[in-house]
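Novice: Guided by the hints, dock chain B onto chain A, whose structure is given.
Residue numbers (the numbering used here), protein chains in the order written: chain A, 1 to 111; chain B, 1 to 112.
To be clear, the hints were calculated from the coordinates, so they are not data collected in a lab.
Incorrect hints may have been included.
[As the list claims (entries may be wrong)] In silico DSSO-like pairs for lysine-lysine, Cα to Cα no more than 27 angstroms straight-line:
#, chain 1, residue 1, chain 2, residue 2
1, A, K103, B, K9
2, B, K71, B, K14
3, B, K9, B, K71
4, A, K26, B, K71
5, B, K9, B, K57
6, A, K69, A, K26
7, A, K56, A, K26
8, A, K103, A, K56
9, B, K57, A, K103
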Amino acid sequence: SQQGEEDPQALSIQEGENATMNCSYKTSINNLQWYRQNSGRGLVHLILIRSNEREKHSGRLRVTLDTSKKSSSLLITASRAADTASYFCATDRSGNTPLVFGKGTRLSVIA
Amino acid sequence: NAGVTQTPKFQVLKTGQSMTLQCAQDMNHNSMYWYRQDPGMGLRLIYYSASEGTTDKGEVPNGYNVSRLNKREFSLRLESAAPSQTSVYFCASRGNWTDTQYFGPGTRLTVL
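Here chain A stands alone, though its shape is the one from the complex (with noise of 0.2 angstroms):
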């Protein structure tokens, strides 16, 4: 079964508005991974954060993770058309065990 539950389903934004995503797992984790999926390819790996880590940033993107919450939030700052996609959260309990992902945040930028 899946671990990680993204919320909204679905998100609309203006060009220049920052996005928020959410992710709820259910089981304790080595780390939590987000990942990037435009219309009809493959998925791309944007960031990581691990369970001693509270925050990280790359870029526009900045992840929070809070392990008592079980939870984290993917903002992506100032979002542009081109950050138009599905956003996955991934977790991952041990080196040694595969990834498993959430349903998905679908982001549309207006322009």
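Specialist: What follows is chain B alone, placed relative to chain A:
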């Protein structure tokens, strides 16, 4: 360096036909994975191979078989295709020293 490649890109089968989806990676990764993606369902793991010579079932293995032919190649076989197997199939790999997965472009399969 092509990363993860998959063939074919598209395939249409009739119920009961068989086929093999091919996946190869050129990153010397130990672990390889097969997922299926259905609308609104995210990615579900079918089978994975933690190293050459080993394979394990994932969340939805029924109706599928896999072969880890060598370190580079991991194939997925549908012995008798069913309409419920209509989906987009993704192969992925992960190295020993990285926690991230690298995905292929996908195979869009329709079973009539």
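Novice: Hint by hint, note whether the structure agrees.
Specialist: Hints and how they fare:
A threshold of 27 angstroms between alpha carbons decides the hint, and for A:K103 with B:K9 the separation of about 23 angstroms falls inside it, so the pair holds. Between the alpha carbons of B:K71 and B:K14 the distance comes to roughly 32 angstroms, so the proposed pair goes past 27 angstroms and is violated. Restraint check for B:K9 and B:K71: satisfied, since their Cα atoms lie roughly 22 angstroms apart, inside the 27 angstroms limit. Our distance criterion of 27 angstroms between C-alpha atoms is broken by A:K26 and B:K71, whose separation comes to about 33 angstroms.
Note on B:K9 and B:K57: the hinted pairing holds, with a Cα-Cα distance of about 24 angstroms set against a maximum of 27 angstroms. Only pairs whose Cα atoms come within 27 angstroms are accepted, and A:K69 paired with A:K26 is accepted, the gap being roughly 9 angstroms. In summary, the hint linking A:K56 to A:K26 is supported, as the alpha carbons are separated by about 21 angstroms, within the 27 angstroms threshold. A C-alpha spacing of about 23 angstroms is found between A:K103 and A:K56, which places the hinted pair at or below 27 angstroms, so the restraint holds.
In summary, the hint linking B:K57 to A:K103 is supported, as the alpha carbons are separated by about 20 angstroms, within the 27 angstroms threshold.
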